[in-house]
Amino acid sequence: MAQSFREVLSSGRFVVTSEIGPPKGTNIEKMLHHIDLLKDKVDALNVTDHQSSVMRFPSIGGCLAIKEQGGESILQMTCRDRNRLALQAELLFAYTRGITNVLCLTGDAVVVGDHKAAKGVFDLDSVQLLHTIRQMESGKDLGENDLDGAVQFCAGAIVTPEANPLEPQLVKFEKKVEGGAEFFQTQAIYDLEKFAKFMEYAHKFPVKILAGIILLVSARMAKYMNENVPGVFVPQDLIDELSSAPKGEALKKGIEIAGRMIATLKKESICDGVHVMAIGREEVVPDILKAAGLAT
Amino acid sequence: MKSITKQKPFEEIEQLLDGLDRVYLAGCGTCATMTRTGGREEVLAMKERLQQLGKLVTGWIVIPVACDEMTEVAIKENNGAIQDANCVLVMACALSVHRLSTYIDKPVIPALDTLFIGVEDEPGFFREVCAQCGQCVLGQTAGICPLTACHKGLLNGPCGGTKDGKCEVDKEKDCAWTLIYQRLEEQGRLDLLRKYQPPRDYNVTPKPRTIRIA
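First to last, the protein sequences are chains A and B. When we follow my numbering, the leftmost residue of the first sequence carries the number 1, and every step to the right adds one. When we follow my numbering, the leftmost residue of the second sequence carries the number 297, and every step to the right adds one.
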């Protein structure tokens, strides 16, 4: 990548990120394939950090693989599994290996994952992790000790524009901005009118907002998300559209919907970019970008 | 405020009593009676269960407040039956297990797990409200403790897992930060929520915690 992610963010062009889910095990072939497939088609690739509290190959390992293949990575860091010592140590390591984009998250609860008996750490929260990064950039660690060599990161965070209730989340969003977040990748959005209203609010802050686009692969998935995923609301007309797809073509319809949403967000300059999450269907991310008119 | 307890699985009690065939039973007339885990009725039920298992119960007592110093007197009064036993099985909170251990020169074994310090919202429903962390934040959080009532113990507001005012780990549990937001809004004190809370000092009193009150 000729440009760093921070440079891309400030370039004013429509930013596209996607994400890689590391494997459960040492067989990293599929992950490497996905990296190879996507690294030149997007501006940066997130690597999830034990997504949904399911133990996997680490985010930092995926980021190194992206780096080795010449791509730009975004290190997802949750506060669930490491205390402040471990988080800072990993930031030091990441920086020395040229991984300079971090997405700060609180992390899902341990009990939603596959190691339910584990101890959730949460020594820091996402806001405190952002402050930690900025403090380490000043040459001091969280214990106020001098660092022999500081770090520098392009730091981001997440926000849920359709959370209910929304107001407490907006307070947190503003605390993340004050904590030094430069960009936000949002939870999945499907109602563009509602999202545009959120953007009227978010535009007041000096941050870049990338709308979260989760690929819908069936009407069933859409209904499941509505019932179970906090802050995700798939409108009925999209569910109907997915249902109307001929048998075996729901995925194609989902790709079309995602592409159409991205194209609209770009055309109407609603936000600064998109973060495309295909959750296990990384193979079709290029098709989504094509449907959005973003790839050749 | 009550010490909320739950009886251990009987198989675990059986394992803990392995090789200890003569048992003296001690319950508590305060918290464990209210939670129905170590009152007279439960102690008698345990006595029967142990007898079925072939154990000899040398005696039993429900100490009025098993965690306080008067327990020493109760123990002395029942010294004969206690001496006749191999161990004392305590149907009270862990504080009481500690208290009894200081007076009895025999294995003192808990029959209960001590869960939390809680309040009884409605008969039989107990809720943890204080984690006794040593750094009270209730003055900034409208009297709701986020360290206790938020699953993740977050300090700077809700996580993204909250849905319709409920917690991501249990749809029956309220999201502490939604409640805090609502109460602070009612009080016109939302500025408290906007203030950045730095990482906690977990070293406020190093474990094991002690304090000498002058």
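Treat the hints with care, as some may be off.
Quick list of in silico lysine to aspartate or glutamate cross-link-like pairs, DMTMM-like style, CA-CA up to 20 Å [what the hints assert, rightly or not]: (1) K290(A) to E7(A); (2) K343(B) to E308(B); (3) K459(B) to D191(A); (4) K119(A) to E482(B); (5) K298(B) to D466(B); (6) K41(A) to E7(A); (7) K491(B) to E7(A); (8) K462(B) to D409(B); (9) K467(B) to E227(A); (10) K119(A) to D409(B); (11) K491(B) to D123(A); (12) K462(B) to E167(A); (13) K459(B) to D40(A); (14) K459(B) to D123(A); (15) K459(B) to E167(A).
Derived from the structure by calculation, the hints contain no laboratory data.
For each hint, the structure was consulted:
The suggested pairing of K290(A) with E7(A) is violated, with an alpha-carbon distance near 24 Å, which exceeds 20 Å. Distance restraint check for K343(B) and E308(B): the Cα-Cα separation of roughly 16 Å lies within the 20 Å cut-off, and the hinted pair is therefore satisfied. Restraint check for K459(B) and D191(A): satisfied, since their Cα atoms lie roughly 18 Å apart, inside the 20 Å limit. At most 20 Å may separate the alpha-carbon atoms for a hinted pair to count; K119(A) and E482(B) exceed this at roughly 35 Å.
Taking the CA atoms of K298(B) and D466(B), the gap is about 24 Å. The hint is violated against a cut of 20 Å. As the CA atoms of K41(A) and E7(A) are separated by approximately 17 Å, the hinted pair is consistent with the 20 Å bound. With a C-alpha separation of about 31 Å, the suggested pair K491(B) and E7(A) falls outside the 20 Å cut-off, and the hint is violated. As the CA atoms of K462(B) and D409(B) are separated by approximately 27 Å, the hinted pair breaks the 20 Å bound.
Distance hint between K467(B) and E227(A) is fulfilled; the C-alpha atoms sit about 11 Å from each other, no more than 20 Å. Proposed proximity of K119(A) and D409(B) is supported: the alpha carbons are some 18 Å apart, at most 20 Å. This hinted pair checks out: K491(B) and D123(A) have alpha carbons roughly 19 Å apart, not beyond 20 Å. The straight-line distance between the Cα atoms of K462(B) and E167(A) is roughly 15 Å, inside the 20 Å bound, and the hint therefore holds.
For the suggested pair K459(B) and D40(A), the alpha carbons sit about 36 Å apart, so the restraint of at most 20 Å is broken. Between K459(B) and D123(A) the alpha-carbon distance is near 23 Å, which puts this suggested pair outside the 20 Å criterion. With a C-alpha separation of about 13 Å, the suggested pairing of K459(B) with E167(A) holds against the 20 Å cut-off.
Figure legend: structure checked against the earlier numbered hints; hints not met, in rising order: 1, 4, 5, 7, 8, 13 and 14.
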